[in-house]
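A.B. asks: Listed below, chain by chain, are the residues.
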Amino acid sequence: EAGVTQSPTHLIKTRGQQATLRCSPISGHTSVYWYQQALGLGLQFLLWYDEGEERNRGNFPPRFSGRQFPNYSSELNVNALELEDSALYLCASSSRELTSGGADTQYFGPGTRLTVL
Amino acid sequence: RKEVEQDPGPFNVPEGATVAFNCTYSNSASQSFFWYRQDCRKEPKLLMSVYSSGNEDGRFTAQLNRASQYISLLIRDSKLSDSATYLCVVNNPAYNFNKFYFGSGTKLNVKP
Chain Y
1 EAGVTQSPTH
11 LIKTRGQQAT
21 LRCSPISGHT
31 SVYWYQQALG
41 LGLQFLLWYD
51 EGEERNRGNF
61 PPRFSGRQFP
71 NYSSELNVNA
81 LELEDSALYL
91 CASSSRELTS
101 GGADTQYFGP
111 GTRLTVL
Chain R
1 RKEVEQDPGP
11 FNVPEGATVA
21 FNCTYSNSAS
31 QSFFWYRQDC
41 RKEPKLLMSV
51 YSSGNEDGRF
61 TAQLNRASQY
71 ISLLIRDSKL
81 SDSATYLCVV
91 NNPAYNFNKF
101 YFGSGTKLNV
111 KP
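Protein chains in written order, with my numbering: chain Y, 1 to 117; chain R, 1 to 112.
Simulated from the structure, these hints should not be mistaken for laboratory data. Only true hints are included.
With a cut-off of at most 16 Å between alpha-carbon atoms, the simulated EDC-like pairs for lysine to aspartate or glutamate come out as follows:
hint	chain 1	residue 1	chain 2	residue 2
1	R	K99	Y	E54
2	R	K99	Y	E53
3	R	K99	Y	D50
4	R	K79	R	E15
5	R	K111	R	E15
Hey, can you work out the whole structure from these sequences and the hints?
C.D. replies: Printed below as a string of structure tokens:
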């Protein structure tokens with residue numbers, strides 16, 4: 001079974017430009033999460049999509065946005081890029097496996113490394 | 001205060017050693033707990049979920065202490081391939097608030 005896929009692998013942009021990152025979840029998964037991981041730092045929650053709708057977002061400015069398509073794939077858009085947006089952007093999809101607290105279990109894609117010059 | 005806190009390490013241990021990491025969480029309403037491992041410049045991979053009664057998977061044992069609000073990961077008979085950063089993840093899965101909180105990770109170096 002194919003895992004979570006992300007494209008592109010690497011993306012280089014300049015300040016002020018816009019970046020679009022893409023994610024395809026594991027087949028059968030309806031939830032997609034986006035995270036930012038700056039070099040040497042932990043994962044910061046960006047967005048959660050489920051069944052085509054934005055369900056929750058982290059503490060990021062509105063220039064970080066996205067959407068989920070009917071096939072559950074997702075796109076993250078970052079407008080007006082700033083130098084500090086340089087990071088690894090990870091997408092995860094989740095199953096509805098029952099864990100101890102009923103939470104979803106997340107499976108991550110390989111990430112898109114965004115560099116803003 | 002951070003939602004999830006971990007000792008960043010690094011923990012430098014010889015092959016065959018037993019090593020333990022703790023992770024504390026601030027929200028007493030948290031319901032689900034996980035350990036992930038992340039290799040350098042790679043994506044996190046699920047290591048194990050953490051159940052209230054504790055659980056074991058081979059050389060790995062996870063424990064949850066709700067009273068003190070921490071989870072632990074014990075690795076026995078460390079292998080060189082265990083070298084990675086271990087991430088603690090906590091979640092309160094109430095609908096429309098399915099936000100996962102990741103610790104910054106504990107780095108483990110297993111030396112020959």
